[in-house]
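J.: One letter stands for each residue in the lines below.
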Amino acid sequence: MDLKTLLSFEWGMMAPEFTILIVAVILSLIDLFGKDSIKKYIPSFAVAGIGLALIFLLFQYGHEEVSILYDTYIFDSFAFSFKFILLIGTLLIFFMVLSKQKDEEITDRGEYVYLLLSALLGTMMMASSGDLITLFVGLELLSLSSYIMVAMRKRNKRANEGAMKYIINGGIATAFTLFGMSYIYGISGTTKLVDISREMSSALGTTEPIATVGFIILFVGLAFKISSVPFHMWTPDVYEGAATPVSAFLSVVSKAAGFVIIIRLFVTIFNTGVEGNETLYSSMIGFVAILAILSMLIGNIIALRQRNMKRLIAYSSIGHAGYILIPIVSLSAMTLENVWFYLLAYSFMTIGAFMVIYILEQSEKSEDISIFTGLFQRSPVLAISMTIFLLSLAGIPGTAGFIGKFNIFVGAISADPAQYILVGVMAVATVISYLYYFNILIQMFIRQPEFEGRRTVNKMQAVPLIACITGTIVLGIFPFIALNFFS
Amino acid sequence: MSSVPLQAYLIVALILFCIGLFGALTKRNTIIVLICIELMLNAVNLNLVAFSKFGASANITGQVFSLFTITIAAAEVAVGMAILIAFYRNKRTVNIDEMNTLKE
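Chains as they are written, first to last, in our numbering: chain A, 1 to 487; chain V, 1 to 104.
The hints are simulated quantities; they were obtained by calculation from the structure and are not laboratory data.
No experiment lies behind these values; they were computed from the predicted model shown.
Built from N, CA and C at the ideal position, the CB exists for glycine as well.
A portion of the hints provided could be inaccurate.
Computed Cβ-Cβ distance ranges for the label pairs, DEER-style [as the list claims (entries may be wrong)]:
| hint | chain 1 | residue 1 | chain 2 | residue 2 | range |
| --- | --- | --- | --- | --- | --- |
| 1 | V | Thr-101 | A | Arg-198 | 50 to 60 Å |
| 2 | V | Arg-92 | A | Asp-195 | 44 to 54 Å |
| 3 | V | Val-4 | A | Ala-427 | 47 to 57 Å |
Below, in silico cross-link-like pairs of lysine-lysine (DSS-like), each with a Cα-Cα straight-line distance of 30 Å or less [unchecked claim]:
| hint | chain 1 | residue 1 | chain 2 | residue 2 |
| --- | --- | --- | --- | --- |
| 4 | A | Lys-157 | A | Lys-365 |
| 5 | A | Lys-35 | A | Lys-459 |
| 6 | A | Lys-100 | V | Lys-91 |
| 7 | A | Lys-192 | V | Lys-53 |
| 8 | V | Lys-91 | V | Lys-27 |
| 9 | V | Lys-91 | A | Lys-365 |
| 10 | A | Lys-459 | A | Lys-100 |
| 11 | A | Lys-365 | A | Lys-100 |
| 12 | A | Lys-154 | V | Lys-53 |
| 13 | A | Lys-40 | A | Lys-154 |
| 14 | A | Lys-4 | A | Lys-157 |
| 15 | A | Lys-35 | A | Lys-192 |
| 16 | A | Lys-100 | A | Lys-40 |
| 17 | V | Lys-27 | A | Lys-157 |
| 18 | A | Lys-154 | A | Lys-100 |
| 19 | A | Lys-39 | A | Lys-157 |
| 20 | A | Lys-365 | A | Lys-459 |
| 21 | V | Lys-91 | A | Lys-157 |
| 22 | V | Lys-27 | A | Lys-154 |
Chain V on its own, in the form it takes in the complex (with noise of 0.2 Å):
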């Protein structure tokens, strides 16, 4: 077994996290953004797969969760990515300052 304790783990993600909440709320270029949040959603399969090896009841669920994470964000960029395809082709453009003609 490896001596890397869980908490480490747990830090890592979190810090992945934290980088990509960042990301996803300051960044001009909506496929940065959409990336950010990839990056988010992993960080939450390294939470599940440490918890599924070391947690204090270890068992598989966890990586059968990530799986379908890993699923489930794919299919959710691919949606993002079309979305922005159509914008791309109105406006020219895939910057997030110029998304503002919706406004009060």
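With the rest of the complex left out, here is chain A (with noise of 0.2 Å):
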């Protein structure tokens, strides 16, 4: 490759990788070398270099397809819509981050920031990447960062644990991802994407029980990504373990880019087929199905007992990922649509809630739900932003929760074949989760406070606050705003 060929390659594509990337190299470089006096602007800084990659991302919107890269690098409007809830949905976090001026666990500042950025460049590369290579590499760079976030707290007992339970499962989910990667390499004998959907369009003959094996053996690895069965164990104890901020990370923007990577994995390489003939994917549905399933019973009815607020949303997250997996069983037009749409709804709602807990962890010390207790007498704006987050996750009418479960539901029943146990699975588990929903909703309103004193909500916490609750509103009321941008 010389010169010429490198330059002709539109690297004007890259540009919110590009930003995110120099700003963490910068950042880095600060944290090291420069003054205290500079160093506490590190985060401040990071979201400046979110919010201009999320600029670069938006003037890309209705660009045609480019590949780059000899089709290592892809963008078209999958990669774009997924990227934007990645920005959006880190920046909230790192207002969460900036809301809390002196940390005394997490002494190194400095290394939280860049790690986060470093872990949402690995996403966005699994956004748009068209290689097994990149996929892989760039689902390493979120991983990575993800265990040095969550053992960041390096005093902390529960965080040790905590990262240690994460990196064993994770090191275990690596090993089956990329097993089941060398097998689909084995069959179609290239790496590419775009070359492996054609080489699986063709009759598969001998070769078929390994591309079901491989089939099988990726999905339960990526399976720990979106915290789905049977890889959902670490969820509870990791987001118990993490410092608030983390987990919100965690079961937002990772969790995203793991339905990034199961989309374009599963939907391009094993969703082709000659016309007529049944794909590996639609042999598998059952399979993916049953998973679907298991996560939203497991997540929603063990969510029941749960007394750490921390833990109960990692539960109801485990279920969320079940409802996010009936649009990728139920192939059809819309699914892309339905599982962008819920995701983007879904960062509102648990950044929110999440930044609920962080405020009142901070000033009660306690993640217990006990803290939610007496909430409306003692700070009604928190007691009404957190109704709101719960009314959503619950998916009651007027949020961007119900619009979301509504579009699954519908796109589930219209699919060719209805999907009527997932639909009516998804309903039992629904009608449960508002047991546990409702039950803080109680705590809040009825409950006498076990508390004193009043909570206030300052100007920097208000922020994420107010973003989170315009977006679980605005998606509720007007989900077309969203729809339309999305097409």
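Put the two chains together into one complex; each comes in its own frame, and the hints tell you how they fit.
T.: Structure representation (structure tokens):
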């Protein structure tokens, strides 16, 4: 490759990724050599960098498909819309980080910031990679950064333990993912997604059992990132051990990235077939459906008996992963739109709920559900915002969560063949989830407060709260804004 | 060319993978668990290199992929050891079954 071909690539398409990369490198250098007076602005620099990347990304709106670096980097509408969610989610999480000026437990705040940025870079590379190798490197960039972020509170025993469980589970999941990828490489002889789908669309013949095994192993490995069954056991422990903004990152951005990679791999590789022939994906749909059903039921049922708020949200996020798997099972033209909308709605409501927990956790020094007792008397603002997020998580009309669930519901019924069992399980799981979401409402509005004094929300804490409330309500009342943006 | 067929390599890799998985799920010592994860990743490398040499459409990509895998596996084990050291400083143990403070 000479200089001329190198320059002929349309590098401008990678502007958002380059921005994040450069900001992360500069911040790590400032953290190493800078004076303390500059260092305290590191999180603000990061927010500015993400804002810049978001602007670059929005300039690419409606741009035609581009693939550079011999198809290893693809820009298409899919990559664009999912990168939008990833950047918005990380931006909100940075506002969460900024809201706490002093942190006794995390002394190395700079590292925290640029690890978040490098994890974001990994997710963005995953969203637009067109090759198994770049996909894997992006995935591992995300995983390794998240392992360190979870372990950041190094004097905290629970954080150590959560991180250790996370890395052991994550290592096994990585091995599974790679083992699946190696089989796929073996039967297709290439790592480029376009070529693999071409190889897969021709008759598989004797290699079909290997392709099936590869499919199952790969899916099991990737289930770790979206925290669905069978790799869901780490979720509650890690969320409890990690600092709250990190838990929010794992439950929103990392999960969105997991869905990105699953859609990219399974829908593009395995779902291309000769017209009329059954594709490998459609013959394996039962397997994915079972995982979706188990995630919905296990997540929501175990959440019933949780008293620690972060564990409760963790189990509910396992349930949500199950909901988002439904459109992937019932493949139709609406699948991408439904997954995208649900993930966007989910980011706003989950980050909002984590923000309320974060504020209360700082003032009460506890994560137990009792921090919510009598919250309406102590701080009506917090109580009402938490109510909005919980109603949205439960899927009550008027909120973004309702529209997301409704779309998934309609999509699954109108798919061919209609997924009545999945829809039924989803309805049951939603009703179960009302029990624990409304229990928190009871704590806030009916119980007498167990903690003294009023709680106020300062300016920095108000920014992410207001953003999340706006997102949840606007998407709930005018969902077509987001849906038009997507298409 | 050697006379060992592709299937033999694949079976060895599968056995290695299963041994690694078994060890990772049952061993008490965290260091052994990390080594078992390495074993699983090495099974992947064996697969990739075997496919790259004897596969239906043999090409060099598999070997490049395995180089990436080796590098990332090294990074992963480094992070794992760092976390383990932080854990050991606080609890003076490396046993998995003593990681039980986080429970419902």
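J.: For each hint, tell me whether it holds in the structure or not.
T.: Verification of the supplied hints:
1. Thr-101(V) - Arg-198(A): 50 to 60 Å: Holds, at about 51 Å.
2. Arg-92(V) - Asp-195(A): 44 to 54 Å: holds, 53 Å
3. Val-4(V) - Ala-427(A): 47 to 57 Å: Holds, since Val-4(V) and Ala-427(A) (Cβ atoms, about 55 Å apart) stay within the stated range.
4. Lys-157(A) - Lys-365(A): holds, 16 Å
5. Lys-35(A) - Lys-459(A): Roughly 27 Å separates the two Cα atoms, so the pair holds.
6. Lys-100(A) - Lys-91(V): holds, 29 Å
7. Lys-192(A) - Lys-53(V): holds, 18 Å
8. Lys-91(V) - Lys-27(V): Holds, at about 19 Å.
9. Lys-91(V) - Lys-365(A): holds, 23 Å
10. Lys-459(A) - Lys-100(A): holds, 11 Å
11. Lys-365(A) - Lys-100(A): Holds, at roughly 14 Å.
12. Lys-154(A) - Lys-53(V): Cα-Cα ~45 Å, so violated.
13. Lys-40(A) - Lys-154(A): Roughly 21 Å between the alpha carbons, so the hint for Lys-40(A) and Lys-154(A) holds.
14. Lys-4(A) - Lys-157(A): Given that 30 Å is the threshold and the Cα spacing comes to 54 Å, the pair is violated.
15. Lys-35(A) - Lys-192(A): Not satisfied, since the Cα-Cα distance of roughly 46 Å exceeds 30 Å.
16. Lys-100(A) - Lys-40(A): holds, 12 Å
17. Lys-27(V) - Lys-157(A): holds, 22 Å
18. Lys-154(A) - Lys-100(A): holds, 19 Å
19. Lys-39(A) - Lys-157(A): holds, 28 Å
20. Lys-365(A) - Lys-459(A): Given pair Lys-365(A), Lys-459(A) holds - Cα atoms ~21 Å apart, limit 30 Å.
21. Lys-91(V) - Lys-157(A): holds, 8 Å
22. Lys-27(V) - Lys-154(A): OK: Lys-27(V) and Lys-154(A) at ~25 Å, within 30 Å.
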